[in-house]
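Quick note, the sequences are listed as chains A and B, same order. With the UniProt record's numbering applied, the first sequence closes on residue 462, and no number is skipped along the way. With the UniProt record's numbering applied, the second sequence closes on residue 242, and no number is skipped along the way.
For the record, the hints were derived by calculation from the structure and aren't laboratory data. Note that the coordinates shown come from a computational prediction; the quantities given were computed from them, not determined experimentally. Where is the CB? At the ideal position from N, CA and C, for every residue including glycine. Take the hints with a grain of salt, since some may be wrong.
[Claimed, not checked] What follows is a list of derived Cβ distance ranges for each label pair:
1. Met-418/A <-> Leu-111/B: 45 to 51 Å
2. Met-191/A <-> Leu-111/B: 33 to 39 Å
3. Pro-56/B <-> Phe-252/A: 39 to 45 Å
4. Arg-81/B <-> Asp-235/A: 52 to 58 Å
5. Met-291/A <-> Thr-123/B: 27 to 33 Å
6. Lys-129/B <-> Phe-362/A: 47 to 53 Å
[Stated by the list, open to error] A short, non-exhaustive set of chain B residues, derived as facing chain A with CB atoms under 8 Å:
7. Cys-53
8. Pro-56
9. Thr-75
10. Ala-79
11. Phe-93
12. Gly-107
[What the hints assert, rightly or not] Partial list, derived from the structure: chain B residues whose beta carbon lies under 8 Å from chain A:
13. His-76
14. Pro-87
15. Arg-95
16. Thr-97
17. Gly-105
Below are the chains, spelled out letter by letter.
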Amino acid sequence: MSNPSETGNAGTMGQALKEALFAGVIAFGMFLLFVGIETYQDINNALVWRTRWGLLAIFVIVAAVGRFVTVAFIKPHIDRRKLNKAKSGVLEISDKKSFFHKHFLKIALVLLLIYPFLSLMIVGKQGSLKYVDNFGIQILIYVMLAWGLNIVVGLAGLLDLGYVAFYAVGAYSYALLSSYFGFSFWLLLPMSGILAALWGIILGFPVLRLRGDYLAIVTLAFGEIIRLVLINWTDVTKGTFGISGIAKASFFGIWSFDTGATNNFVKAWGLSASSVYYKIFLFYIILALCMLTAYVTIRLRRMPIGRAWEALREDEIACRSLGINTVTTKLTAFAIGAMFGGFAGSFFATRQGFVSPESFVFLESAVILAIVVLGGMGSLTGIAIAAIVMVGGTEVLREMSFLKVVFGPDFTPELYRMLLFGLAMIIVMLFKPRGFVGSREPTAFLKERRAVSGSFTKEGHG
Amino acid sequence: MAGETLLKVQGVETYYGNIRALAGVDIEVHKGEIVSLIGANGAGKSTLMMTICGSPQARNGSIVFDGEDITQLPTHLIARRRIAQSPEGRRIFPRMTVYENLQMGAGLDNLKFFNEDIEKIFTLFPRLKERQSQRGGTLSGGEQQMLSIGRALMARPKLLLLDEPSLGLAPLIVKGIFEAIKKLNQEEGLTVFLVEQNAFAALKLSDRAYVMVNGKVTMSGSGRELLANPEVRAAYLEGGRH
Numbered sequence: 001m002s003n004p005s006e007t008g009n010a011g012t013m014g015q016a017l018k019e020a021l022f023a024g025v026i027a028f029g030m031f032l033l034f035v036g037i038e039t040y041q042d043i044n045n046a047l048v049w050r051t052r053w054g055l056l057a058i059f060v061i062v063a064a065v066g067r068f069v070t071v072a073f074i075k076p077h078i079d080r081r082k083l084n085k086a087k088s089g090v091l092e093i094s095d096k097k098s099f100f101h102k103h104f105l106k107i108a109l110v111l112l113l114i115y116p117f118l119s120l121m122i123v124g125k126q127g128s129l130k131y132v133d134n135f136g137i138q139i140l141i142y143v144m145l146a147w148g149l150n151i152v153v154g155l156a157g158l159l160d161l162g163y164v165a166f167y168a169v170g171a172y173s174y175a176l177l178s179s180y181f182g183f184s185f186w187l188l189l190p191m192s193g194i195l196a197a198l199w200g201i202i203l204g205f206p207v208l209r210l211r212g213d214y215l216a217i218v219t220l221a222f223g224e225i226i227r228l229v230l231i232n233w234t235d236v237t238k239g240t241f242g243i244s245g246i247a248k249a250s251f252f253g254i255w256s257f258d259t260g261a262t263n264n265f266v267k268a269w270g271l272s273a274s275s276v277y278y279k280i281f282l283f284y285i286i287l288a289l290c291m292l293t294a295y296v297t298i299r300l301r302r303m304p305i306g307r308a309w310e311a312l313r314e315d316e317i318a319c320r321s322l323g324i325n326t327v328t329t330k331l332t333a334f335a336i337g338a339m340f341g342g343f344a345g346s347f348f349a350t351r352q353g354f355v356s357p358e359s360f361v362f363l364e365s366a367v368i369l370a371i372v373v374l375g376g377m378g379s380l381t382g383i384a385i386a387a388i389v390m391v392g393g394t395e396v397l398r399e400m401s402f403l404k405v406v407f408g409p410d411f412t413p414e415l416y417r418m419l420l421f422g423l424a425m426i427i428v429m430l431f432k433p434r435g436f437v438g439s440r441e442p443t444a445f446l447k448e449r450r451a452v453s454g455s456f457t458k459e460g461h462g
Numbered sequence: 001m002a003g004e005t006l007l008k009v010q011g012v013e014t015y016y017g018n019i020r021a022l023a024g025v026d027i028e029v030h031k032g033e034i035v036s037l038i039g040a041n042g043a044g045k046s047t048l049m050m051t052i053c054g055s056p057q058a059r060n061g062s063i064v065f066d067g068e069d070i071t072q073l074p075t076h077l078i079a080r081r082r083i084a085q086s087p088e089g090r091r092i093f094p095r096m097t098v099y100e101n102l103q104m105g106a107g108l109d110n111l112k113f114f115n116e117d118i119e120k121i122f123t124l125f126p127r128l129k130e131r132q133s134q135r136g137g138t139l140s141g142g143e144q145q146m147l148s149i150g151r152a153l154m155a156r157p158k159l160l161l162l163d164e165p166s167l168g169l170a171p172l173i174v175k176g177i178f179e180a181i182k183k184l185n186q187e188e189g190l191t192v193f194l195v196e197q198n199a200f201a202a203l204k205l206s207d208r209a210y211v212m213v214n215g216k217v218t219m220s221g222s223g224r225e226l227l228a229n230p231e232v233r234a235a236y237l238e239g240g241r242h
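Construct the complete structure from the given sequences, taking the supplied hints into account.
If you want it as structure tokens, here you go:
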């Protein structure tokens, strides 16, 4: 990684040792109660606590050693690389791009299209359930939600902390209308979107005059209101029990995926019974929905309304002085963002077959917002990558049994999900403060395209 | 020079909450004129500019533009009557390119003149042409001011409102921008209403001018008259030139 003769500098080493000690002390302070002490119930149901000094020691050592390695080796290495680059005069922007870079999106799309079959081939039917459902569908739902929220937060710059409310509206619209009236998925999908959009407008009206933190608080409250209504309106929503037995989506009414049905997909095609076919079908539905979201976002960005959203994010007063109606601009952003949340919600309901208010807590909003911010506000590719890392990462955590070797046999990585989530966010924000893809791609050019790196642009006011 | 009245502000009072920022202002701008409004900090110059644009709206009095009362119209509709503003502090869109900024100015209804108009602005401010693919936030202050004026011009305005175009700029750049304004006025007959702290430059440029103190217009006259006026000289010119 680095050249030992150059890092052998005594000053750097001393500095590294000092910082490592410091990091260790901080880690000790932070994790003392968090990791070092565990509470549990004994046989008499009394809450007692025991200490876990060993685990705490491992945490502290990891922090100290990590800091030492960073300061002693990684940082000098990065500095040297930067210095060399500056000396040789090579800027980080270059016109030449590799084949992979240029065709990245096409390659990604093709990979996604063959993904379910690939997993069928490699791990078989039973194994595919995990890869298609837990990874594929789960990640794509979050990609779709994050792309929907991106319209509100990334493009229009309206900080929305209650986005999960629209997801809930979509999910319950499908769950209720399908169980009470027996409407099909393909009818209810657009309807859920429209209903969510309607709620988006209803939320939009009172918050038109708010910006920034104030807006965030009101939207947060809105998300909670929807959740509390779902919990307390027991006559309709069955409260915390949730609604179960939600109808599966059919293959456009031609084939059904219900095992008892005469036009069962598996029977019609003479396949051996497995739920993997339904999962693959769902995978393609959510993939198509994601593509729709991306297509609409890309198209809208080039249209006056999309441009108006971006202008609104940059400067509201300037917008008004240019004749942009900020009221309709904000409302459309809320409505369209909410609509995609609604689509995702109704898909979620049909995939789970069960909805309850527990799926729509604030944490979900926070995760979706985190994905948007980490990905780089406004960048579809960045957001998709962030969704894969964050959602896929939590799924991968379940598989990380080798961590038990380091942290002892009692260590369950899933429980540290939020800790790692936070750590990942801090790391990304330290090294890429504008998200994975931080630069905004211009949508209009006079004659030629010219690249200007995002690092040249100053955030804030002109 | 003085043609028919384009903008007539009569007895306008504007409040921020309970504080009266404008205490009955009367101003007239005729077609083809450059009119400037000078005054100290907090005199209400920018408030008047914003009131003409409907944000905040005047509590009393009337604002008539091109024969139509616009006092109660929302801001975006006022802008669509072709009153374009280059706001105080320039307020360009920092993360959009120069080209996109200019596109925003063209609004929704005159994209058909777009190529013609943008060429005109690039001739007026060649610097913008050089920097068209650059993000607004990366421009220097002077270039941002040019962009702000260019963006306002893209709306094909009947009346151009400029709020402190010289703010924070070097004298040479201010000179260039004021020359461009003069050129627009003489060649295209553009009507300009200008708010300035830089009284000397503004008065030299203007056909007529108003002096504002504490939310009231206290003096008016031709630019030359006011330049010669001892009171104006004492209050706004002598101090500023040393």
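Checked hints:
1. A C-beta distance of roughly 49 Å is found between Met-418/A and Leu-111/B, which places it inside the suggested range of 45 to 51 Å.
2. Separated by about 36 Å at the C-beta atoms, Met-191/A and Leu-111/B satisfy the suggested range of 33 to 39 Å.
3. For the pair Pro-56/B and Phe-252/A, the beta carbons lie near 55 Å from each other, so the given range of 39 to 45 Å is not met.
4. Taking the beta carbon of each, Arg-81/B and Asp-235/A are about 53 Å apart, inside 52 to 58 Å as hinted.
5. Judged by the Cβ atoms, the range 27 to 33 Å given for Met-291/A and Thr-123/B is violated: they are separated by roughly 44 Å.
6. In this structure the supplied range 47 to 53 Å holds for Lys-129/B paired with Phe-362/A, their Cβ-Cβ distance being about 49 Å.
7. At its closest, the beta carbon of Cys-53/B sits 6 Å from a beta carbon of chain A; the interface hint therefore holds under the 8 Å criterion.
8. Interface restraint check for Pro-56/B: the shortest CB-CB distance to chain A comes to about 12 Å, outside 8 Å, so the restraint is violated.
9. Of the supplied interface hints, the one on Thr-75/B holds, with its beta-carbon coming within about 4 Å of a beta-carbon of chain A, less than 8 Å.
10. A hinted interface residue such as Ala-79/B counts as satisfied when its beta carbon comes closer than 8 Å to some beta carbon of chain A; here the least separation is about 3 Å, so the hint holds.
11. Nearest Cβ of chain A to the Cβ of Phe-93/B: about 4 Å, under the 8 Å cut. The hint holds.
12. Given the 8 Å rule on beta carbons, the hint for Gly-107/B holds: about 5 Å separates it from the nearest Cβ of chain A.
13. Here the hint on His-76/B is kept, as its CB sits about 4 Å from the closest CB of chain A, short of 8 Å.
14. Hint on Pro-87/B holds. Least Cβ distance to chain A is approximately 6 Å, under the 8 Å limit.
15. Interface restraint check for Arg-95/B: the shortest CB-CB distance to chain A comes to about 5 Å, inside 8 Å, so the restraint holds.
16. Using the Cβ-Cβ criterion of 8 Å, the hint placing Thr-97/B at the interface with chain A is satisfied: the shortest such distance is roughly 5 Å.
17. Given the 8 Å rule on beta carbons, the hint for Gly-105/B holds: about 6 Å separates it from the nearest Cβ of chain A.
In terms of the numbered hints stated before, the structure departs from hints 3, 5 and 8, listed from lowest to highest.
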